[in-house]
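Trainee: Protein sequences appear in the order of chains A and B.
Plus 67 on top of the position in the first sequence (first one is 1) and you've got the numbering used here.
Plus 1 on top of the position in the second sequence (first one is 1) and you've got the numbering used here.
These are calculated hints, taken from the structure and not from any lab test.
Computed from a prediction, not measured in an experiment: that's the story for all the values here.
Among the hints, erroneous ones may be present.
Cross-link-like lysine-lysine pairs, in silico, DSSO-like; alpha carbons within 30 Å at most [to be verified]: (1) B:K76 x A:K153; (2) B:K197 x A:K140; (3) B:K284 x B:K197; (4) A:K189 x A:K210.
Some, not all, of what chain A presents toward chain B, calculated at C-beta under 8 Å [as the list claims (entries may be wrong)]: (5) F84; (6) A169; (7) V223.
Coverage of chain B stretches by chain A, computed from C-beta distances (three or more under 8 Å per stretch; other residues unrestricted) [to be verified]: (8) 22 to 29; (9) 32 to 38; (10) 261 to 272; (11) 297 to 310.
Where a beta carbon is used, it is the ideal one built from N, C-alpha and C, also for glycine.
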Amino acid sequence: MNNIKESQGQDFFDSAFNLYYERVVLYIYRYCKDWSVAENIAQDTYITFWENLSKVDECRIPLPYLLFVAKNKTINYLNREIVKTKHSTHLQKEEMLTASRALECSTMSTVLYREIEFLVRKSLTEMTPKTKEFFQMSRYGCKKNEEIAQIMGVSVKTVEYRIMSALRVLRKNLKDYFNGH
Amino acid sequence: MNKRLLIKHIVGEATERERKEVTEWISSSKMNESYYINLMNLVVSQDMSKDSLHIFSKEEIRDRLLDVKEKIRGKNKEEFRGNISQQSPKMKTGKYYFAVVVAAATLLLLSVLLNLYQFNSDAKEEMVTTSSLTIGPKTDVINTFYTERGVKGKIVLEDSTVVWLNSDSKIIFPEHFSSDSRQIRFEGEGFFEVAKNSERPMVVTTAKGMTVKVMGTKFHIKSYNNDDSEQATLFTGKIQLAKEVKGNGGAMVQQTIEMVPNETVIFNRNGVELISHNADTTKKVAWKRGELVFDETPMSEVVKMLERWHGAKIVVSDNAILRHKFTGSFNAESLVQVLELIKFTSPVDYNIVDNIAYLRVRNI
C-alpha cells in the first residue's frame, strides 16, 4: 500500500516539476533579478513542496501552491540580502527593497489571471441556462438584483438564489486559486 | 519617466544609469512606488500566463529534477550536492518589452488592472503591450514575433528598426540581416520606423503579396489575411511599393508605385484600388496610442476591428447592420462598454451568450 502511494506521490511531484519549474524560476527571477539565485530558490521551493506532499491534495493544481511558497521564500531572501552590509551596492539594495514590497503586494489572482479566466469561462458552461443568464446580467450587464427581477419578471429572492448557484459553481472551479492565499 | 523605461528596468534590461534614474523616481513619491509595483506584478502575471516559456530544454529540466532529488536525499547531511553552476539561461530575445494589456470584459475578478494610469511623455506616447515571442529551435536564426487578438506589441530589430504591431499581427525576421538587404515578412497591422541604411534596403513582404522597399523611413501597413484589401501609408521618407496582380493576359504582373509622404495606397486582389494623397496619418496609428477610432466606418469593418482589438467573437444575425456606418472613438473601454455605445447611437442591439456577442437590428 505504502509503495503505491509513494510512487503516485513521485509521479505527481515529477509532473509538477516538469510542468511548472520554468514558471517558478521565472517568477522568482523577476523579483530577485539573478538566474542562479532564482534557480536555487525554485529548487528549495520544490523541496518544501515534496516535504508537504502529503498535505497537498493531488486533485488540485499545484501551481498556485508552488508560487505561494516561492513568493514567501523570495521575500525572505530579499529581506535578508537587504540587511547584509557586504556584497550589494546601495542601488541593488534599493531595487531589492522595491521587489520585496512588490512581492508582498502581489496576489495569486493577478499572477494567474489567465488560468482564472479560463476557469470562469468553464464555470459559465457548467451553469444551467437560467443561472448563467441571471449571472451574466448581474456581472456583465452590471445590473442590480432588483433590476434583473423586474426585467425577468421574477422575485428578488429568485434572482439572489440564481446568483448564489452561479457563485457556487465558480467557487468550486476556482478553489485552487483562492483558498487562503 | 516613461513606461517603456520602467518596463526595461523590470525585465532586467536597463543600463546602470537607467537603473539609478528609475530607482530615484520610485523613491521620490509613494505614488511612483505604487505604480512601479503594480506594473512589475503585471509583467509577472503576463509571464505566468504564457503557454510556453522556452527557458530550458527538456534535458535541462530533467537534469534539474535530478539535482532536486539529490538535494532531497542529501538534505540531512552537511554537504549539498548539485548546486547550480550552469550558465544562466539566456531568454532568446530580439530586444522586446512586455507590458500592460487591455483587459476584456471577462476578467471580472481583476479590477486592480483597471487602476493603472498612463504616462504622457513629451515625445510620442509609446504604447507597449504584451505579446508572445515564439522562438525557433536553438540553431534557427529566424524569429517570429506575433500578437494575438486583443493584444498589441512592439519590437526592436537588430538594426534598431522599431516595429509596432496591432492586434493579431505577425512579423517574421532573421536574427541577423543579410549583407545586401533586410528581409521581413509581415501580416496584420503595424507601424514601422526603419533605421536608415542605404546600403541595405529593408524589404517588407506581406502574405497577400505586397512588397515595401525602404531605405530609412516611417510607414504604416495594414494587411490582415481576412480582409479583402491591403494598404500602406507613407509618413516620412520614400517607399517603393510593389504588388503582384493578375495582368490582362492572365499572367501575374508586378505593379510598382513610388510613394511620397502622406500617401495611402490600397490594393485589392486585382490591383490598385485607391491612392489617397492626404492620408490622415494620426488616425492610421491611433491604435498605437491605445485608441480605437471609427469614422463613418461600416459596421462590417467595426465588427472585425472589435474582434481583433478585444480578442472577442462577434456574430451578426442581421446583415442589414453591416452596411450601417459608425463613428466613435474609444480608449481602454471594455467590449461591453463599446457595444453599449453602439447600441445607444445606432439601431443595433446586442446580447452576450457564452462569451459570444450577438448583434441584431434594434426595433425602435
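Trainee: Starting from the hint list further up, note which numbers the structure goes against and sort them upward.
Mentor: Going through the list in order, the structure violates hints 2, 7, 10, 11 and respects the others.
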